[in-house]
Amino acid sequence: MGRITLEKVTKSFGEVEVIPPLDLTIEDGEFTVFVGPSGCGKSTLLRLIAGLEDTTSGHIRIDGEDATDLPPAKRGLAMVFQSYALYPHMSVRKNIAFPMKMAKVPEDEQNRRIEQAAKALNLTEYLDRRPGQLSGGQRQRVAIGRAIVREPAAFLFDEPLSNLDAALRVGMRLEISELHKRLATTMIYVTHDQVEAMTMADKIVVLRAGNIEQVGSPLELYKEPRNTFVAGFIGSPKMNLFEGPEAEKLGAHTAGVRPEHIEVGDPASTYWSGTVGVAEHLGSDTFFHIHETGLADTITVRAPGDVDYKHGDRIGLNPRMDMIHKFDQQGLRIQ
Amino acid sequence: MARAVSTKQKSINTAIAGTLGFLMFFPILWILILSFKTEEDAIRAPLEVLFSSGWTLDSFAAVQARSDYFKHFSNSVIISLGSTILGLLIAIPAAWSMAFVPSRHTKNILMWMLSTKMLPPVGVLVPIYLIFRDTGLLDSRTGLTIVLTLMNLPIIVWMLYTYFKEIPGEILEAARMDGASLREEVLYVLTPMAIPGMASTMLLNIILAWNEAFWTLNLTAAKAAPLTAFIASYSSPEGLFYAKLSAASIMAIAPILIMGWFSQKQLVRGLTFGAVK
Amino acid sequence: MSTKASRSAARLMISPAVVLLLMWMIVPLVMTVYFSFLRYNLLSPGATPWAGWDNYYWFITDPSFNDAIWNTLALVGGILVITVVGGIGFALLLDRPMFGTGIIRIMVIAPFFVMPTVSALVWKNMFFNPVNGIFGNIATSLGLQPIDFFAEIPLLSIIFIVSWMWLPFATLILLTALQSLDQEQLEAAEMDGASWSNRFWYIMLPHLARAITVVILIQTIFLLSVFAEILVTTNGGPGTATTNLTYLIYVSSLLQFDVGMGSAGGVFAIILANIVAIFLMRMIGKNLDA
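Residue numbers (our numbering), protein chains in the order written: chain E, -3 to 331; chain Y, 839 to 1115; chain Z, 471 to 760.
Some hints could be false.
Said to hold, decoys possible - Here are the computed lysine to aspartate or glutamate pairs in the EDC-like style, where the Cα-Cα straight-line distance is at most 16 Å:
1) Y:Lys1061 with Y:Asp906
2) E:Lys90 with Y:Glu1022
3) Z:Lys474 with E:Asp50
4) Z:Lys474 with E:Asp65
5) Y:Lys848 with Z:Asp565
6) E:Lys199 with E:Asp189
7) E:Lys100 with Y:Glu1022
8) E:Lys70 with Y:Glu1022
9) E:Lys97 with Y:Glu1022
10) E:Lys234 with E:Glu256
As the list claims (entries may be wrong) - Some, not all, of what chain Y presents toward chain Z, calculated at C-beta under 7 Å:
11) Val843
12) Pro865
13) Ile866
14) Val960
15) Pro965
16) Leu988
17) Ala1051
18) Leu1095
19) Trp1099
As the list claims (entries may be wrong) - Distance ranges between label pairs, derived from CB positions:
20) E:Gly128 with Y:Lys1003: 15 to 23 Å
21) E:Ser8 with Z:Ile745: 39 to 47 Å
22) Y:Ala903 with Z:Ala609: 33 to 41 Å
23) E:Val191 with Z:Tyr672: 42 to 50 Å
24) Z:Met753 with E:Lys115: 55 to 63 Å
25) Y:Phe1100 with Z:Arg566: 21 to 29 Å
26) Z:Tyr672 with E:Val274: 35 to 43 Å
27) Y:Thr845 with E:Lys115: 50 to 58 Å
28) Z:Leu725 with Y:Pro1006: 51 to 59 Å
29) Z:Met753 with Y:Leu927: 28 to 36 Å
30) Z:Ala609 with Y:Lys1003: 47 to 55 Å
These aren't lab readings, by the way, just hints derived from the structure by calculation.
All residues carry an ideal CB built from backbone N, CA and C; glycine is no exception.
Whole structure, please, built from the sequences with the hints as guidance.
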């Protein structure tokens, strides 16, 4: 079990309130991602749940039980840190065994769980090595192994992939998702990378300055961002947001359209037009950065890979009208 | 990146540095040589000492017979080891606090601790002397151990603090998440990780305590006198007996010299007080 | 990583060190100040009447006092200059590629391990002795008049001995700092057309600033209290030529048993140390954050 509830939780460092009153429920078995720009309070929130920081006020419940004043060790949660935080002086085996040793799990049970975790994480041949002798990906797996063997109520991940290179990151992303499917345990995952959030989460919590901007499934956030911040944060490349007469024509203070919802064509017959700046060819797709559209400085457009325009070409743009997002003066979505 | 340097340039560097190094080391080498000479040979001209005299162990035996070297040696060992270990036991928790749970006052406390080192020993010599006289600690190993512990405590705290600061806090948090109590966290995670730093700290403090010569000279007489005081008794007129003075000196500095050489790497780390990267 | 629990644990764990050091500082300090106002001689037990500022008056007006202050400053200043300048030189030298670095470094470090009483006695007898000492021997064999070091240049001789003991320390710290200097910075400077002396002044020396601060701070703490070297060589003489404040106080309190006067001297030593400390703390405090 691992249902985590935050009730009116706040956190201040001295005078500075980093988390204003916040309510959130994470259901048992859910993969929840906290995402937001750096300094948005997502890591602080995770550390409050872990018990590594005190809440200033409010309550944290784990499976209905008030855990607000419990020390980290008593909360039944496991955490994977950004730096992995492996014990450098212990072998992989000892690292994984450490939480069980602290919990006084019998020796043969310890060994059973270590073997099991090592097999699942492809670490069997490395059990007697020290963390210093492992690659980044292997260290990451050891950290996960150390978390798994505790059989925690929930796993907490604090930007676990940010120290890995791009290729490994994709692999580990899949492995963690796989692990979640297999264990079906609650996982809370902190990242600043919206791609990780979109690809892994059951539920995304978008945070800004300690406030929850929106909670929802990846597709909900993609399709119906509640405000301009979420609209700009979720999706890659970013949504084109623009204000002014063109937005007003559409009946909004701010309007937004995603690069993948704009088609290119002959400037004579399209809704908007502009001049091609940089073209980024990915093979499968091409991203055009368009200037002089009268909308915003740059409009990004995603076109099929075989579409070819040169720097300086005039180009026509046709938005899918049903995919235009409209926001009011306060930046809130107009339904 | 390191550039290739010609052998000739390297040889020149070696010659210059070697000469200067040899000059620095020469006094120690010289008493080592003199300690194996007879008194008559020891006062001859340097070249004669080197090339036209025999070798003997007599001086060492004479020193032991005259002033019981081993008693002073064991005093030195007990005092320097005792004060270092005691200091570490007090300093480890303090350094843990400051490195991992810093507060607004941490830096001030650290500076204050260091400032107690600024208090000149001579400023408090009289009261300490009188307190020791009245409590029977004068000329006792216990008394000296206490004084040296307190004297070096700020340095131990400071050094441990700098070493602990290098250990990422996340690892201790991981231990806490893994269910370790504070005691277990310090015992199983922090201490083993800080062993190189602690070794450096220990080494440096043993040396400082071993060579401390203000309190040891002023607070001891016969019973608890360590090697610093033992040697001081060789100031004139016995100082004119070069061979015996040399033998006694070698016996006093050899333990530390050998220890220092064998643990050069840790010591260099310790000597820089963790303050220089 | 701060929760209420860890903060209270931290307070608990730091308190033994703080309490002990507080006692070590306060108790003797208060006693020293108190004694300094008493007429208190261990040779005349019984009454210890209030003396007011008499002890201070006698201590300051004693001609040795002036000498002691100057000697103390000359000793600290002289040794600092020699060890810092020499240490930079040694560090630059040892940082160059050469054969047998390990051996050479061991030879340079060795004097640091020698206890003050030993080095003072060895220099005094085996080197500075005008008849049998090595320097005397060399001078005689060259047909020169040997120098009687402790009679003719006593303070310089002591500065020399103590510098010999502390030069290794300065060298080691400065060498470690020098080796941490990013080589690419030097190469970039070379590409920018900086000569060796430019590179030394504008890159190496600023990089060493923090290390030099550390050397000065730590050495000053120890050098203000130079004692054993004086005790076993000159006993503060000839006259008061090598009497520093530490030695002067030792003389009045433990040799003349004048606790009152010794304490007044102690108060002076503390004041002097504090003046120096304020400068030093400011210096290192600035460098601490960096």
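Here's how the hints hold up against the structure:
no.	hint	verdict
1	Y:Lys1061 with Y:Asp906	holds (11 Å)
2	E:Lys90 with Y:Glu1022	holds (15 Å)
3	Z:Lys474 with E:Asp50	holds (7 Å)
4	Z:Lys474 with E:Asp65	holds (9 Å)
5	Y:Lys848 with Z:Asp565	holds (12 Å)
6	E:Lys199 with E:Asp189	holds (15 Å)
7	E:Lys100 with Y:Glu1022	holds (13 Å)
8	E:Lys70 with Y:Glu1022	holds (15 Å)
9	E:Lys97 with Y:Glu1022	holds (11 Å)
10	E:Lys234 with E:Glu256	holds (10 Å)
11	Val843	holds (5 Å)
12	Pro865	holds (6 Å)
13	Ile866	holds (6 Å)
14	Val960	holds (4 Å)
15	Pro965	holds (4 Å)
16	Leu988	holds (4 Å)
17	Ala1051	holds (3 Å)
18	Leu1095	holds (5 Å)
19	Trp1099	holds (6 Å)
20	E:Gly128 with Y:Lys1003: 15 to 23 Å	holds (20 Å)
21	E:Ser8 with Z:Ile745: 39 to 47 Å	holds (42 Å)
22	Y:Ala903 with Z:Ala609: 33 to 41 Å	holds (36 Å)
23	E:Val191 with Z:Tyr672: 42 to 50 Å	holds (45 Å)
24	Z:Met753 with E:Lys115: 55 to 63 Å	holds (58 Å)
25	Y:Phe1100 with Z:Arg566: 21 to 29 Å	holds (26 Å)
26	Z:Tyr672 with E:Val274: 35 to 43 Å	holds (41 Å)
27	Y:Thr845 with E:Lys115: 50 to 58 Å	holds (56 Å)
28	Z:Leu725 with Y:Pro1006: 51 to 59 Å	holds (55 Å)
29	Z:Met753 with Y:Leu927: 28 to 36 Å	holds (32 Å)
30	Z:Ala609 with Y:Lys1003: 47 to 55 Å	holds (53 Å)
When the structure is compared with the earlier hints, no violation turns up for any of them.
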